[in-house]
Amino acid sequence: MASVYLDHAATTPLDPRVRAAMAPFLEEQFANPSSRHAPGVRAAQALAESRRRVARALAVEPRRVVFTSGGTEALNLGLLGIARAARTAGRDALVVGPTEHACVRGAAAALEREGFELRRLRLDACGELDLEHAREQLDARVAVVAQMLVNNELGTLYDVRSLARLVRQRAPHARLLVDAVQAAGKLDCAPRELGADALALSAHKLHGPKGAGALVLASEFPLEPLVHGGGQERGLRSGTENVPACVGLGVALELAELEREATLARWRELRAFFVQRLALLPGARVLEAGRERVPSTVSLVWPGAPAAVRLHQLERCGVFASAGSACQAAKHELSPTLKALGLSDDDARSTLRFSFGRTTTREELEQALAALEQVGRELAPLVR
Amino acid sequence: MNLPVSTTPPDALLVRYGELALKRGNRFQFEQALMRNLRAACSSIEPVRVEREHGRLIVFAERRLESLAQRCAQVFGVTSISPAWLAPAEPEGICRVARGVLDDALAALPQGARPTFRVLTKRADKRFPLTSLELDRFVAERVLREGDPLVIELDRPQLVLGIEVRDGRAWVFARRIHGPGGLPVGTLGRVLCLISGGIDSPVAAWMALKRGCEVRYVTFHARGFIGEPALEKVGELVRVLATWQGSSRLLVVPFAPVQLALKAVTTSALDEGYRTILYRRMMQRIASRLALREECQALVTGESMGQVASQTLENLSCIEAAAELPVLRPLVAFDKQETVEIAQRIGAFALSAVQEPDCCTLFLPRKPITRGRIESCERIEQRLDLETLVAQTLEQVETLDLA
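In the order they appear, the protein sequences are chains A and B.
According to the numbering used here, the first sequence is numbered sequentially starting from 1.
According to the numbering used here, the second sequence is numbered sequentially starting from 385.
It is possible that some hints are incorrect.
Stated by the list, open to error - Taking beta-carbon pairs under 7 Å as the criterion, some of the chain B residues facing chain A (in silico):
#	residue
1	Ala-491
2	Pro-494
3	Gly-608
4	Glu-612
5	Gly-630
If you are wondering where the hints come from, they were derived from the structure by calculation, not from laboratory data.
Don't be surprised by glycine CBs; every beta carbon is placed ideally from N, CA and C.
All chains should be built: construct the whole structure from the sequences, respecting the hints.
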């Protein structure tokens with residue numbers, strides 16, 4: 001029996017077309033793009049071409065794209081870089097979204113240790129951003145606001161545009177940093193449309209390679225680099241560029257944009273089918289939060305057994321899913337998203353996440369459903 | 385940059401243009417050129433439809449209007465852009481839309497701001513039941529609410545709720561994004577810009593673009609002596625300039641043979657001092673021939689008066705004498721700092737600032753002449769078969785189309 005991978009929110013397989021575009025830069029075209037000889041120039045050209053691809057997909061100028069080692073570094077650069085640069089101007093507070101990824105929470109904690117005041121946004125009962133509460137958190141002291149665009153567990157699309165509007169109004173010098181790691185390629189993330197000043201993305205969530213990401217800026221503003229050295233990436237991220245990975249990011253993002261509408265249509269269909277059948281599992285309910293969602297993620301609350309136990313049973317049937325985000329899974333933390341939604345600790349501990357990729361098929365979902373039914377039957381006697 | 389963020393996206397962008405409305409004779413061509421340039425500039429973001437309407441252009445697109453507005457702000461000829469909402473051409477319908485537009489503008493104001501404000505109607509559709517003044521008052525009375533942080537001020541208000549009624553529809557807008565002004569690229573003809581990797585020549589090219597010239601580029605590359613990064617840097621600069629005109633042509637002239645030939649005939653101490661001027665005279669000659677081939681009407685250079693020791697009036701005269709076309713020097717009276725500021729604004733400075741040797745650093749004279757004489761230049765050049773040298777060089781020119 002073939003295995004079924006339903007954990008694409010954690011990472012996605014490399015698209016063969018992306019791999020093909022990267023291959024020359026892993027093999028014969030190995031030169032350092034800063035080198036002055038012909039092979040170096042060719043590497044620099046490939047890097048510039050990839051930068052243009054990312055810029056095109058996000059409707060910004062190529063020089064606004066800063067390549068990083070991934071989403072985590074892009075978000076760290078955005079959050080720490082903006083906050084530290086704004087400190088000299090007397091802005092010493094930061095505002096962080098209610099369900100941010102561990103890397104944003106970690107960077108925010110680091111800033112707190114440096115003396116910044118940390119303020120948190122929260123969700124309302126529907127799982128949307130509580131904008132009234134957000135309004136109260138924003139004032140002239142705020143240097144940076146970090147908010148994810150799409151929730152990594154529920155696929156909820158947060159109303160970042162309205163948040164941007166509040167930021168302009170209440171904290172006109174603050175910068176809005178948007179985590180688009182789960183959103184890129186799934187919806188239009190052009191930062192200027194969102195009202196974002198900076199936007200982070202990662203290649204491996206869109207069938208690109210690991211170790212590649214970017215911080216995309218909507219305009220020029222002070223940003224303190226994290227990594228100092230040879231002045232690559234306009235001095236914002238020193239270190240020899242990871243050419244194959246950057247090439248992979250450019251191609252992966254371009255492909256995702258190209259195939260976006262078709263992929264979304266397929267996911268909507270798959271999700272409707274999957275959710276309808278999941279509802280038949282005894283005791284299980286699908287978590288739906290927010291008005292708008294990206295249809296690639298399904299969260300299932302299935303009380304009676306810890307998620308870890310169910311996942312292990314599923315794995316024995318060849319189905320790979322997760323509980324919350326992979327980073328939390330590794331740390332056995334409770335999901336802030338589920339807690340923010342008001343789930344009890346027990347319910348939060350028994351929530352499974354299934355996430356689709358570009359290659360997910362209906363047959364795979366049927367196999368997963370069969371496995372889920374079997375797991376339900378096997379575990380039922382233990383639960384009662 | 386403060387990006388206002390609206391809940392309902394605008395229906396289109398109203399694009400205004402200045403000077404070209406004054407040029408009665410060829411206004412139509414100017415408008416056509418601007419429409420073409422807007423479409424081309426937007427195409428990298430989103431396909432757009434551009435309509436012409438009584439001294440305005442209207443840009444329609446399915447999505448990404450904010451990014452498109454920022455893009456249009458980089459199209460020469462555009463003086464301002466307003467994201468606009470469509471309303472039915474009747475007073476009540478206009479009021480309904482106007483409140484939303486005003487809310488949007490108010491939401492973008494910093495807390496505590498109380499800008500001066502007015503409603504300003506332009507009415508091209510004379511069948512409309514109210515005059516402009518009447519509609520101003522009608523909309524203001526209905527749309528303004530107690531507690532709006534606005535101070536009515538008809539003269540030079542800071543915030544204008546604009547209404548334009550024409551052809552059976554009305555546009556409502558409140559934001560105005562500044563355009564770069566100038567003339568649409570291509571309307572004044574075509575020029576050939578001598579570009580190096582330095583700070584000045586890209587700015588000179590940008591200024592030619594601003595005044596409506598389509599710019600092609602020629603660079604002199606001492607291949608064999610100078611590495612490819614120098615050429616790559618020029619290519620990147622041309623790409624930055626392509627933001628303002630779209631796909632741009634760069635002609636690459638292999639210059640080492642010319643430099644070697646000139647070196648061979650300037651061995652005496654006196655003649656050696658002329659090398660830099662002689663290089664530049666050859667550049668003018670070759671560029672002039674290429675300009676004819678590319679149907680360009682003038683040459684553009686980044687030279688300015690007295691900026692470096694060699695840029696004396698005497699030397700500039702010696703250099704220009706070799707050109708067969710008018711030589712335009714947009715930076716002639718600029719201080720270095722003024723040039724640097726423009727370079728920074730257009731995003732060329734960071735590229736130019738990267739240290740990269742160019743052909744002019746080859747076989748430099750120990751003591752360059754500062755007051756060159758044309759007769760001396762010609763006396764040295766007589767030792768060479770200039771025509772053959774130019775013809776052989778022209779055969780080796782490479783053409784790159786960059787975007």
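Do the hints match the structure? See the list:
1. Ala-491: holds (5 Å)
2. Pro-494: Because about 5 Å separates Pro-494(B) from the closest Cβ in chain A, which is inside the 7 Å limit, the hint holds.
3. Gly-608: The hint is violated - Gly-608(B) has no Cβ within 7 Å of chain A, the shortest such distance being about 12 Å.
4. Glu-612: This hint holds: Glu-612(B) lies near chain A, its Cβ roughly 4 Å from the closest one there, short of 7 Å.
5. Gly-630: Check failed: Cβ of Gly-630(B) comes no nearer than 14 Å to chain A, outside 7 Å.
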